[in-house]
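Protein chains in written order, with the numbering used here: chain A, 1 to 138; chain B, 1 to 92.
In case anyone wonders, no lab produced these hints; they're calculated from the structure. Just so you know, these numbers come straight off a predicted model, no measurement behind them. Glycine included, every Cβ here is placed at the ideal spot set by N, Cα and C. Honestly, I wouldn't trust all of these hints.
As the list claims (entries may be wrong) - One side only, chain A facing chain B, incomplete, derived with CB under 10 angstroms: (1) C39; (2) E40; (3) L43; (4) D48; (5) I106; (6) P114; (7) W127.
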Amino acid sequence: MIAIQNVDVDIGRLINDAKQRGTGAIVVFDGIVRDDDICEMELEAYVDVALHELEKIGKDATEQFNLLHVDIVHRIGRLAIGENILVIVVGAGHREEAYEGSRFIIEAIKAGVPIWKKELTKNGGRWVPGEHGHGRGK
Amino acid sequence: MKVRVRFFARFRELLGNEIVAEVAEGTTVPDLVKQVTEKNSEGHTAIFDENGQFREYVILMRNARRIDTADAPKQIIADGDDIAVFPPVAGG
Numbered sequence: 001m002i003a004i005q006n007v008d009v010d011i012g013r014l015i016n017d018a019k020q021r022g023t024g025a026i027v028v029f030d031g032i033v034r035d036d037d038i039c040e041m042e043l044e045a046y047v048d049v050a051l052h053e054l055e056k057i058g059k060d061a062t063e064q065f066n067l068l069h070v071d072i073v074h075r076i077g078r079l080a081i082g083e084n085i086l087v088i089v090v091g092a093g094h095r096e097e098a099y100e101g102s103r104f105i106i107e108a109i110k111a112g113v114p115i116w117k118k119e120l121t122k123n124g125g126r127w128v129p130g131e132h133g134h135g136r137g138k
Numbered sequence: 001m002k003v004r005v006r007f008f009a010r011f012r013e014l015l016g017n018e019i020v021a022e023v024a025e026g027t028t029v030p031d032l033v034k035q036v037t038e039k040n041s042e043g044h045t046a047i048f049d050e051n052g053q054f055r056e057y058v059i060l061m062r063n064a065r066r067i068d069t070a071d072a073p074k075q076i077i078a079d080g081d082d083i084a085v086f087p088p089v090a091g092g
């Protein structure tokens, strides 16, 4: 399941659905809204492009780390502190591939997928600065 | 020619979701973005520096594909182009 959606996701169900013949490890990454003295977080995406890029990242991770299953669900819209922002479920034969595949996916998302976060505070809001920002076509 | 320029995140707040513009033959990508932002000084300044160059952090897409801001002056706009202008991404 690769999705960008407003609604939350049932992580337990994703884990159950990820299990298949040959699965020996499932790694779950759950990025959540941290309480950095904010009220809420607002997420925005260039949805068509971001979805396509998430699909490519999942495919690349599957090929590179011999993964058996990949879910990437990124939330958009307004989220409260503690809510899930990004859930990645990776299934593999062994833990090494599962951990490495999960790490590859989150780093690739942070590096380039067109999604933005704004922290909403009592005094307004602030856009979260990107970690890899430049306009050199990357 | 009619083209669409979309903005995201902070640029969207300053300039709106999108602007549909009529452009002349031979218009380049920077020409187009300047044309649609010139009446909005805060938005224009967020995207272009004092020399009229794209700021270092600006990211461009043309028809859903990233283009290098350094190459943008060589890219001539075609009818129906969909240009996206956005700041550094911060998903995850």
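Status of each hint after checking the structure:
no., hint, result
1, C39, "18 angstroms, violated"
2, E40, "16 angstroms, violated"
3, L43, "8 angstroms, holds"
4, D48, "7 angstroms, holds"
5, I106, "6 angstroms, holds"
6, P114, "5 angstroms, holds"
7, W127, "5 angstroms, holds"
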